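K.L.:
Chain residues, written in single-letter form:
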Amino acid sequence: GAVVSQHPSRVICKSGTSVKIECRSLDFQATTMFWYRQFPKQSLMLMATSNEGSKATYEQGVEKDKFLINHASLTLSTLTVTSAHPEDSSFYICSARRTPNSEQYFGPGTRLTVT
Amino acid sequence: AQSVAQPEDQVNVAEGNPLTVKCTYSVSGNPYLFWYVQYPNRGLQFLLKYITGDNLVKGSYGFEAEFNKSQTSFHLKKPSALVSDSALYFCAVRDKRASKIIFGSGTRLSIRP
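Residue numbers (the working numbering), protein chains in the order written: chain R, 1 to 115; chain C, 116 to 228.
Rather than coming from a laboratory, the hints here were simulated on the basis of the structure. Only true hints are included.
Here are the simulated DSSO-like cross-link-like pairs (lysine-lysine), alpha carbons at most 27 angstroms apart as the crow flies:
no., chain 1, residue 1, chain 2, residue 2
1, C, Lys192, R, Lys41
2, C, Lys215, R, Lys41
3, C, Lys164, R, Lys41
4, R, Lys55, C, Lys215
5, R, Lys66, R, Lys20
What you are looking at is a predicted structure, and each value in this text was computed from that prediction instead of being measured.
Generate the whole structure from the sequences, applying the supplied hints.
P.N.:
This is the structure in structure tokens:
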């Protein structure tokens, strides 16, 4: 099967610091990775779409300078939350797919708490 | 623009009874439709999808969903609910021309013993 992992699963950071979250496709090469954000008891909101080797496409209202996305290889994408604030506390979920028409697989999520 | 609606925030069902979780969608052209389940503090687990073919789609854990084009609906069903089915369920849609999946607001399913 296709497995997507995220690291760390939980992270606590202080306000003003930056934190990096990794998303890896363990047994397939992902040409596209997606980053979602989920607030408590709410749906997943797509933040950005990243294609390997190119700049990420951000959804409307998502600050690209705050949420830095890098998709440098076919198995790894990173989301860096810069100058984190308590309102950035959320559950971040990544997903990955091989090709535009293939299945999209989801990671287990990373819970970020900014104090 | 594509969108998906789940009109019920919560569905409560007694164990052993049939369950239905509702979903309607709006998309140009023929849609790809999905159901996912999420357990507390976990990522999404794929249940089933409709792309083409039979309107009744069978998925994991005994769930099934019926695609109804005229009503633009894709309701999730199970003939006999289990307590372990209690979780958060998301309907999702993808336009064939679009590259992204859009999720509904989610429905919390609670199965009482």
